[in-house]
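Chemist: The listed protein sequences derive, respectively, from chains A and B.
Just so we're aligned: the first sequence equals residues 1 to 172 in this note's numbering.
Just so we're aligned: the second sequence equals residues 1001 to 1154 in this note's numbering.
Honestly, the hints are just simulated from the structure, not real lab data.
Bear in mind the structure is a predicted one, so any value in this text is a computation, not a measurement.
Wrong hints could be hidden among the right ones.
[Said to hold, decoys possible] Keeping only pairs whose Cα atoms sit at most 25 angstroms apart, straight-line, the calculated SDA-like set for lysine to any residue is:
id	chain 1	residue 1	chain 2	residue 2
1	A	K131	B	G1077
2	A	K79	B	R1109
3	A	K79	B	Q1055
4	A	K36	B	R1109
5	A	K79	B	K1064
6	A	K79	B	G1077
7	A	K79	B	N1078
8	A	K36	B	L1117
9	A	K79	B	A1057
10	A	K79	B	D1041
11	A	K79	B	A1059
12	B	K1064	A	S78
13	A	K36	B	F1111
14	A	K79	B	R1060
15	A	K36	B	I1112
16	B	K1064	A	P171
Here is what each chain is made of, one letter per residue.
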Amino acid sequence: MSVREMIREWRASGDLRLLTPAIPSTACVRWVFVSKALFDAFHGPWATTGEEKNMMRARATMDAFTSGQRISVRLPPSKNVSAQLALLEDARDEVWEFRCRDPDPQMRIFGRFAEPDLFIAFIKRNRDEFKSNDDFQPVMEECKRHWRTYFPSYTPYRGSSAHDYVSNCYPV
Amino acid sequence: MTTFQTAILSKAINQPEAASGGTRAYLQERLRNRLYHLVIDEFMSQQIENPEFTQAALARRIDKRPEQVNRWLSSPGNWTIDTISDLLFGIAGAELEIGINYFADQAPRNFIEPEWLNPEPIMHVVSWPTSPIGLQMFEVTDDEITSVDVGVLA
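Bound-form chain A, shown alone (with noise of 0.2 angstroms):
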């Protein structure tokens, strides 16, 4: 069973959600599949009005990158704090990060590439959760749970280089 049939079946049955632009009228030209915690997350309802703007904020960074449009994305040894979609470390891990850094508190969403420009969320976080470095490994690890309970045959896809993950992407 390849990866593309693991995601239909899991699509299928209800566990990972295809994550569309939500503008109708927006062309999908890369692919985002969330879980299901998560696509809930992005459609609410929400517990207050702060929370619904940063999440629909987050949407449109996640439509932005669905919709094809460039994307800042950094590997390491980048340090850049301003990019769109980051490569955490140990890059082994192969666990992304997509910031959404406007407004506080900022939002992250985390998951992994199954193929070059087909993304695999399955985490979010506030960024003020993180007070160093050190902080991000236990949401690393519950990432790579994650795809663990997903795709137990298959590890997360690999590239050297940003535009190896995301297409028409800008390297910071």
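Following the hints, put chain B in place on chain A, whose structure we already have.
Modeler: Same frame as chain A, now just chain B:
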């Protein structure tokens, strides 16, 4: 608890006066991303034409610190109109083209999911057996070939 949005923008498209803070936040972020895409696209095009055109060179052109230009070009942001003007002129001797898109006038996308998500049979192959028992027809997909019984010839 804020409004549950089953179709995030459809209500807002039809009733902009009822748009929630979340919808407006989405559209604001969307505009930031679109402007960033426009500027970066132009910057990368100029770099292809002139490999010596760097962020530092752009910074000199528009009299900004290189660190500031690096921040602008690293991600979308709440750019001022003056920033957009400086970036486009500095990158390409250009200005922003102004226009309006009406959501209500836009047709929904045709391609809503990857083709491989719902595989359909991609071809039918008909074989004519030597014995006049019947046609054999096969459905062929990426994953398998299955025989389809289409009955008996007279």
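Chemist: Return the numbers of the hints above that this structure violates; sort them in rising order.
Modeler: Checked against the structure, the only hint that fails is number 2, while the rest are satisfied.
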